[in-house]
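Could you build all of it, start to finish, from the sequences and the hints given here?
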Amino acid sequence: MDTALRERLAAAAARAFRGAPVLVAYAHGSRISGRPRPGSDLDVGYYLRGHRRGEVLPLREEMLLASALSEAVGVEIDLRNLAEAPLEVRGRVLEDGIRIYSADEPERVELECYVLARYHDYKDAFQAMHELRLRELATRGL
1 MDTALRERLA AAAARAFRGA PVLVAYAHGS RISGRPRPGS DLDVGYYLRG
51 HRRGEVLPLR EEMLLASALS EAVGVEIDLR NLAEAPLEVR GRVLEDGIRI
101 YSADEPERVE LECYVLARYH DYKDAFQAMH ELRLRELATR GL
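When we follow our numbering, the leftmost residue of the sequence shown carries the number 1, and every step to the right adds one.
Hint data in this document are derived by calculation from the structure and do not stem from the laboratory. Each hint can be trusted.
Simulated restraints, written as ranges between beta carbons of each label pair:
id, residue 1, residue 2, range
1, Lys123, Ala72, 30 to 38 Å
2, Leu116, Gly39, 30 to 38 Å
3, Ala125, Ser67, 34 to 42 Å
4, Leu116, Gly50, 13 to 21 Å
5, Glu88, Arg35, 17 to 25 Å
6, Glu71, Pro38, 16 to 24 Å
7, Gly39, Leu142, 21 to 29 Å
8, Ser67, Ala128, 39 to 47 Å
9, Ala125, Ala4, 36 to 44 Å
10, Ile98, Asp124, 20 to 28 Å
11, Ala72, Leu142, 36 to 44 Å
12, Glu61, Asp124, 33 to 41 Å
13, Gly74, Lys123, 28 to 36 Å
Predicted model, so just to flag it, every value in this text is computed and none were measured. Note that beta-carbon positions come from the ideal geometry of N, C-alpha and C, so glycine has one too.
Okay, structure coming up:
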């Protein structure tokens, strides 16, 4: 991700999430990894304060936040609550994504330590499952 876009996104996130119950947000996906396709959106994942599964922003509020971010950075934003994502996705976002917003550093650090510890407990198993799927596809085909 180029520096100018990153700075615009961080500034937009600070404005958009001010007053919202968002604890922390990360940009991730193909635009961050440097492999976007033409027309790719920008993935932004967030956790709410308390980061408990089942707690979500109302759809309207989530759409308004995504729209505000999209307008500010000039790229379509796909905004998702990471508390609802599988552990593998949450871990990869923390490892490969870019933090663009944090409302509370102690709570953010606690959350990241918890998620990364759990993710690393299973990371080798996730990799083994992916390799098995690839071998099966190579043998069987699509």
